[in-house]
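For the record, the sequence lines run as chains F and Z.
Per our numbering, the first sequence starts with residue 1, numbered consecutively.
Per our numbering, the second sequence starts with residue 274, numbered consecutively.
It is worth saying that the hints were derived from the structure and are not from the lab.
Being a predicted model, the structure only gives us computed values, none of them experimental.
Where is the CB? At the ideal position from N, CA and C, for every residue including glycine.
There may be inaccurate statements among the hints.
Said to hold, decoys possible - To give an idea of the interface, some chain Z residues facing chain F are shown, with a C-beta separation under 7 Å as derived from the structure: (1) 460; (2) 468; (3) 472; (4) 473; (5) 476; (6) 479; (7) 482.
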Amino acid sequence: MTMAVSPASPVTLNRSTPAEGAGAPLIECERINLHYGPAQALKDITLTIGERHVTAFIGPSGCGKSTFLRCFNRMNDLIDSVRITGAVKIGGQDIYGRDVDVIELRKRVGMVFQKSNPFPKSIHENVAYGLRLHGMKGRAELDAAIERSLRGAALWDEVKDRLHASALGLSGGQQQRLCIARAIAIRPEIILMDEPASALDPIATAKIEELIVELKREFTIVIVTHNMQQAARISDYTAFFYLGELIEFDRTAKMFTNPSKKQTEDYVTGRFG
Amino acid sequence: MTPAPSPTARLDFRPRGFDFASFAFTGVTGLATVFILAVLAVILATVVWHGWGTFSWRFLTTGMTTAAGGANDMFNAGEAGVLPMIIGTALRVLVMTIVVVPVGVITAVYLTEYAQSTAWTTRIIRGAVNNLAGVPSIVFGLFGLGFFISFIGRGLDGGAPEPHWGKPAILWASLTLAVMTLPLVIVATEESLRAIAPGLREASLALGATKLETIWKIVLPEALPGILTGGILAVGRAGGEVAPILFTGAAYYMRDLPHSLTDQFMDLGYHVFILSTQSPDIEKTRPILFATVLALLLLTLSLNLVAVLVRARVRRRMRANQ
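Looking at chain F on its own, in the form it has when it is part of the complex:
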């Protein structure tokens, strides 16, 4: 299966495509509709996410932003009642197409969850898990990849002396960075983050935010957040969702200073939500 990043193609200008400065389009969503049984959770969402940018999804609880995020690695497949129409293309290929291997997709599109969920194994084994799944065997090779991933997640210095201690002994912020290390270990192109800092204290949150900004040099990051300051601080683009609809999508700077829609302005200034 190939899912190579397509060469920069001309960016079609429509309401949801960011204008100048966007990286090559990597994720292209076209008219996504998603139903949980009879309830519609996403309405006709069209949006394009550029390569090596941080894109933030904001909006009140239940607006569909997490559900939308989970479309990109097909985690919604796990729920029986979900129906999706429309197309999600990553690097030009429709990931809901027939010839798509979900395993291969999830290797390319990593995910970090809201609640840190390290495996009840050692720190070393947590990072090794994904590497072994995808065929890495040699001890030296594994050790090197694990160190690289832990460094990449700014966790190495804190855990290098206890790699074989249980991951569950780490603090909440360290656990979340371990989950990031685990995700980047298998070298995905895209990392999806579903409110990765919502359960953390401000210091741990600041570390995660720094890390995200650092990671965008290599990875394309899509992050769902409830924290508007966080979106403003770390993202290049912001999408505002409300009741399953994409209200506005633009450069973060513009979204927070001069949004085109009244609803966006009301939300980012805290007048509702």
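Could you slot chain Z onto chain F? The hints should help.
Below, chain Z alone, put in the same frame as chain F:
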């Protein structure tokens, strides 16, 4: 809604008199516990009191017959020994465990990880498992005779004049016990599978693991203590059961120890029944009877103990990893 307290109301912490209901409830629960312990103590004391005199290392480690005495030796305190019964019982419990744990775990994995919980097939399977747990054990014995021995065994023999498979055997007794204890393993495994945080499965799948890899590498290791609990319950239940093996493998008397799984065997529980009903002299046999009961209790206890120790070891290893 309680009315807002008036500003003049004062808090009052004085006791409101004797709380009879609490006192009575504490008393009743305490008495119930004492009663259970008393029953257990009386049973154990009786068994030890009557059996201790005959219970000895020789009693546990000798075969039971002399050439002259034959089957009648088992009613003679000086000659009787329970080694063949201990071996037979331990063997049938072991074979049962080897069968029931994998089958039960696989069923539980299907029910919790694969089947849609609302589908009618799943509901039927769950109902069947629960009903299986409620079937009297003698019915399992008859089922074992009809299904394993007559149907499968005779089928394997293919009409040979001398049946090799189609007769009572350790194998059939163990399989019958496995069917009987299946619900215990299934339910215990299902519970431990459901107790695993869904986040762990998601984390594994999101890394590109298949469902099988997730179950094999993440879910089952986490569920292992619960699975072992199911195994312990099964061993405890099967150890003392007599009815399911009555027609499927237990022998009244055998000269030799079983050589293969297609041989019959002597069994401690069944032997207790024989001693208490078939003896020519009940009074003389009574000490042997109680000593055999004691041996049965100790065997069941030690089988359980082994399983509990294994589980404790697994838990310790897991905790070291946490």
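Going down the list of hints, with the structure as the test:
no., hint, verdict
1, 460, "23 Å, violated"
2, 468, "13 Å, violated"
3, 472, "4 Å, holds"
4, 473, "6 Å, holds"
5, 476, "4 Å, holds"
6, 479, "4 Å, holds"
7, 482, "5 Å, holds"
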